[in-house]
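> First to last, the protein sequences are chains A and B. Under my numbering, the first residue of the first sequence carries the number 1, and numbering increases by one thereafter. Under my numbering, the first residue of the second sequence carries the number 1, and numbering increases by one thereafter.
Worth flagging that the hints you see were computed from the coordinates, not collected in a lab. Note that the Cβ used here is the ideal one computed from N, Cα and C, for glycine as well. Don't take each hint at face value.
Below, computed lysine to any residue pairings styled on SDA-like, alpha-carbon distance capped at 25 Å [stated by the list, open to error]: (1) Lys180(B) <-> Lys257(B); (2) Lys257(B) <-> Ala44(A); (3) Lys161(A) <-> Asp103(A); (4) Lys345(A) <-> Gly244(B); (5) Lys401(B) <-> Asn332(A); (6) Lys345(A) <-> Thr585(B); (7) Lys345(A) <-> Ile172(B); (8) Lys257(B) <-> Leu176(A); (9) Lys6(A) <-> Val203(B); (10) Lys406(B) <-> Leu336(A); (11) Lys406(B) <-> Ala44(A); (12) Lys442(B) <-> Lys345(A); (13) Lys345(A) <-> Pro327(A); (14) Lys401(B) <-> Leu346(A); (15) Lys196(B) <-> Thr585(B).
Simulated coverage check for chain B against chain A, where a stretch passes if three residues somewhere in it have a Cβ under 8 Å from a Cβ of chain A [claimed, not checked]: (16) 165-178; (17) 384-395; (18) 434-441; (19) 542-554.
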Amino acid sequence: MTYITKPQLHHPKLAANSLGYTRRDYEGSVSTLCAGCGHDSISAAIIQACYELELPPHRIAKLSGIGCSSKTPDYFLGNSHGFNTVHGRMPSVLTGANLANRDLIYLGVSGDGDSASIGLGQFAHSIRRGVNMLYIVENNGVYGLTKGQFSATSDKGSKSKKGVVNHDAGIDLVMLALQMGATFVARSFSGDKAQLVPLIKAALAHKGAAFIDCISPCVQFNNHVGSTKSYDYVREHNEAVNRLDVVVPRDEIQVDYAPGTTVPVTQHDGSILQLHKLAQHYDPSDRVGALAYLQARQALGEIVTGLLFIDPEARDLHENLDTVDVPLNSLNEAELVPSLDVLAKLNASLR
Amino acid sequence: MPLEAVNDFVVKFANVNGSGSASANGMFAKSILRMGVPVAARNIFPSNIQGLPTWFEVRVTGAGHLGRRGGVDLMVAMNPQTWDRDIAEIEPGGYLFYDSTKPLPREKFRDDINVVGVPLTAICNAAYQLPRERQLFKNIIYVGALAALLGIELEVLETLLSEQFAGKERLIAANVAALKMGRDHVAENLQPLGLKVVRADGVGDRIFVEGNMAAALGAVYGGATVCAWYPITPSTSLAEAFTGFCEDYRTDPDSGKARYAIVQAEDEIASIGVVVGAGWNGARAFTATSGPGVSLMTEFIGLSYFAEIPAVIFDVQRGGPSTGMPTRTQQADLLAGAYAGHGDTKHPMLLPADPGECFEMGALAFDLADRLQTTIFVMLDLDIGMNEWLTKPFEWDPERKLDRGKVMTYEDLEAGKEFGRYLDVDGDGVPYRTYPGVHPTKGGYFTRGTSRNPYARYSEEGAVYVDNMERLLRKFDTAKALVPAPVARPAKRATREGVIYFGSSTPSMHEALETLETQGLHLDALRVRGFPFADEVFDFIAAHDRVFVVEQNRDAQLRTLLVNEGDVAPSKLVPVLNYDGSPITARFIAGAIGDLMTAGRVEAAE
């Protein structure tokens, strides 16, 4: 594989957002994934979300682990710093990066092998620490780069392309994230951009650990009959509990849903999430209820999607550590190095 | 014949851990220091919290020999569990101090030692009612008794107590009373020993401090802001000391907020991951660990090498392999540190010999990590890290700036400077980097552990890969001049024999050189302080016919590094190895080298 730059040509009338960036400015290099890969749709959704949120692209740091999904940060936000780390260890690297500079927006991109198998521990711990980030798992239930082995999110009883039936229980990262204290939890489907883009926008605006499990079919190894992560299967079993509109503070609020079915949620940064209910009794502010609902629906074979839990008043790791408001990487000698007087007193105390 | 010595003897305390003896024993050691007599104190402890044997060894050394001497002149035997073994360890003519409340049969003693009994339990039971008081004050009473037996000034101990319990007058008075109980018993019933502490002027302005604490302070002065760690003996107290120092010296005076972030991670892999993430993003970050942790971190260390990300690892070495001897000392991670990672990797290492150097190198490591954009190891060991050593006071140049290395700023990028993340513009192998978020359109790049071209673009082309690997070698060569230079200690007479040593072996090595000299055996000595080795190290080897390499591991790891990096003929380097978990002694080194040198002479004479 070699690196393929994307031509800089674009349509002359491409609309710019208020920062003067066009959608093209949020793109990266040409994807080297297979044609039809769900991951490319997610990259497109990330591009769309960042463009619509009018985020300066260079103020986003993209981090990933290893695998097909982890290659994708090369394919969006080409002017941002990116870091393709070690298999299963993106969460710790992102945590460290976040500690060094609290002013950037952190986007962690991972896959089901990266987060549910080798990296399950780091996934859980980064969530429970409340690292301010969007952690997105591009979940296809299969190892793509090593050609078709089951991953830990494969459902029990699902069939591999070669006909092998998975006898291990699948890990549901959404439920794990809820148990670990994630303050924003969603599930979506790479084939449903209308659902996914607002979820990414809301998660990027969220202060705290935001997690999106995005089912993203692998066209090569997991898109056959018997798979529970194929396009057809997910379309047939997708049960969305709500639809979301994200209204950033500068926008005019427009409610176009019938009264009584829409709940506004204001996040820490002032963004307002207009939650349009699809499942009548689903309450995304109830963590325990969410877990119960998810388990009940999973038992019926349904794939529950939408914004599943949100705590708009979440705290993040910096708040817990009570760090200074400025980035730690910007502190200078005067702020970091104690005086000679301190050293003299210490010396005296050690005699 | 009872041993007689002034300011030159070894006292060993045998205690049960968790009994509160540590602070009493520490006070004993410090009282001798306050009388101007150098001491070397070492804890010997099990991997346990309460109930198992623990020892504290104090070498009183007017001559200033800070290595472990070996042998015991006065045993303070407070642990019945280890009684037989403790009695056996006493030098002939030495002294046994014990709690004589309960009579012991004659066969529990030795005829060639001097027995000093003080009925500690009886004194305590008469004076105190609460069991915990009886236990804690017993320790103070024996310190009072020892002071009287050895000639330690009681006023010095009283001063130490008043400093330790400043503001708690009742505690001070109670402890002083206990001290006097011990002293009075000796004055009324016993004679002073042949071992004496006599006021001297041998300590100067030196301080008494653990290497872990010193290294942590070095990290504070070195500008570290992010620390991620996982508890592991013997490194834990380093991270804890850093936490304490940060609370004291790194709290923003206006907001009360922290100018630091410390994360106790879920394991060592996450610890180094956090460090690498913070380093990538322009903060100075470190972790503290020991051998097993380094094993776990290896993949990330390789990433740091190849993706060129600053990181600092304090490796406080303990006995390996595997869980090994977790509470005993060794210098057995040299190879693990030097070559950590898969593929071709090498990492600079700093080798401090005492807490003073732990402070200096602890700070320097952060400059080097930024300058070289790679992982820097600071190799402590349990002996330096967890024992208080007499060492030169901490010093800092107030004009010193943190060297952030080659970082391209917004202004540089605006001015149109060419940025290639892995481009060797200066010929020293060290490229420029940018901090994430620096500029809207310039300076962004993608960091990866896979091969890439000088502009950080993915590439699997062989020539591109090789160019990069060769540049990393140039960078490693640059490191040679940046790590601390070796220190030579020439022999008083011209000699064709040399010795190379490092780290915590240093004081014992120096003492051994003095001993050998009195036997007419002269060696030039060179202490290595950094890896990669300076040219001077190989010049030293070339200038001698035979060079002993003294270290505390089984496989002669420093020697392996010398052979490997300098293409030295292995036969020229003679290993002198101590790896039983106890700190190396001058007696051992002088004995081993003395035997080899004299054996060589006999052959030559034949």
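> For the pair supplied as a hint, Lys180(B) and Lys257(B), confirm whether the alpha-carbon distance does not exceed 25 Å.
Status violated; Cα separation ~47 Å.
> Hinted pair, alpha-carbon criterion (25 Å max): Lys257(B), Ala44(A). Please report holds or violated.
violated (40 Å)
> For the pair we were handed, Lys345(A) and Gly244(B), check the Cα-Cα distance against 25 Å.
Satisfied, since the Cα-Cα distance of roughly 15 Å is no more than 25 Å.
> Hint check: Lys345(A) vs Pro327(A), CA-CA at most 25 Å. Holds or violated?
Distance of about 30 Å is beyond 25 Å: violated.
> Three or more residues of the stretch 384-395 of chain B near chain A by CB distance under 8 Å?
holds (count 3)
> Hinted pair, alpha-carbon criterion (25 Å max): Lys257(B), Leu176(A). Please report holds or violated.
Judged against 25 Å, a Cα distance of about 32 Å means the pair is violated.
> So if I understand the rule, the pair passes when the alpha-carbon distance is 25 Å or less; does Lys161(A) with Asp103(A) pass?
Measuring from Cα to Cα gives roughly 45 Å; hence the hint is violated.
> Between Lys345(A) and Thr585(B), is the straight-line Cα distance small enough, at 25 Å or below?
violated (33 Å)
> Run the distance test for Lys401(B) versus Leu346(A): straight-line Cα separation, threshold 25 Å.
Given that 25 Å is the threshold and the Cα spacing comes to 22 Å, the pair holds.
> Between Lys6(A) and Val203(B), does the CA-CA distance stay at or below 25 Å?
violated (70 Å)
> CA of Lys196(B) to CA of Thr585(B), is that 25 Å or under?
Distance ~23 Å between Lys196(B) and Thr585(B) Cα, so the pair holds.
> Taking a Cβ-Cβ distance under 8 Å as contact, does the stretch 165-178 of chain B have three or more residues in contact with chain A?
violated (count 0)
Hint violations for this structure: numbers 1, 2, 3, 6, 8, 9, 11, 12, 13, 16 and 19, all remaining hints satisfied.
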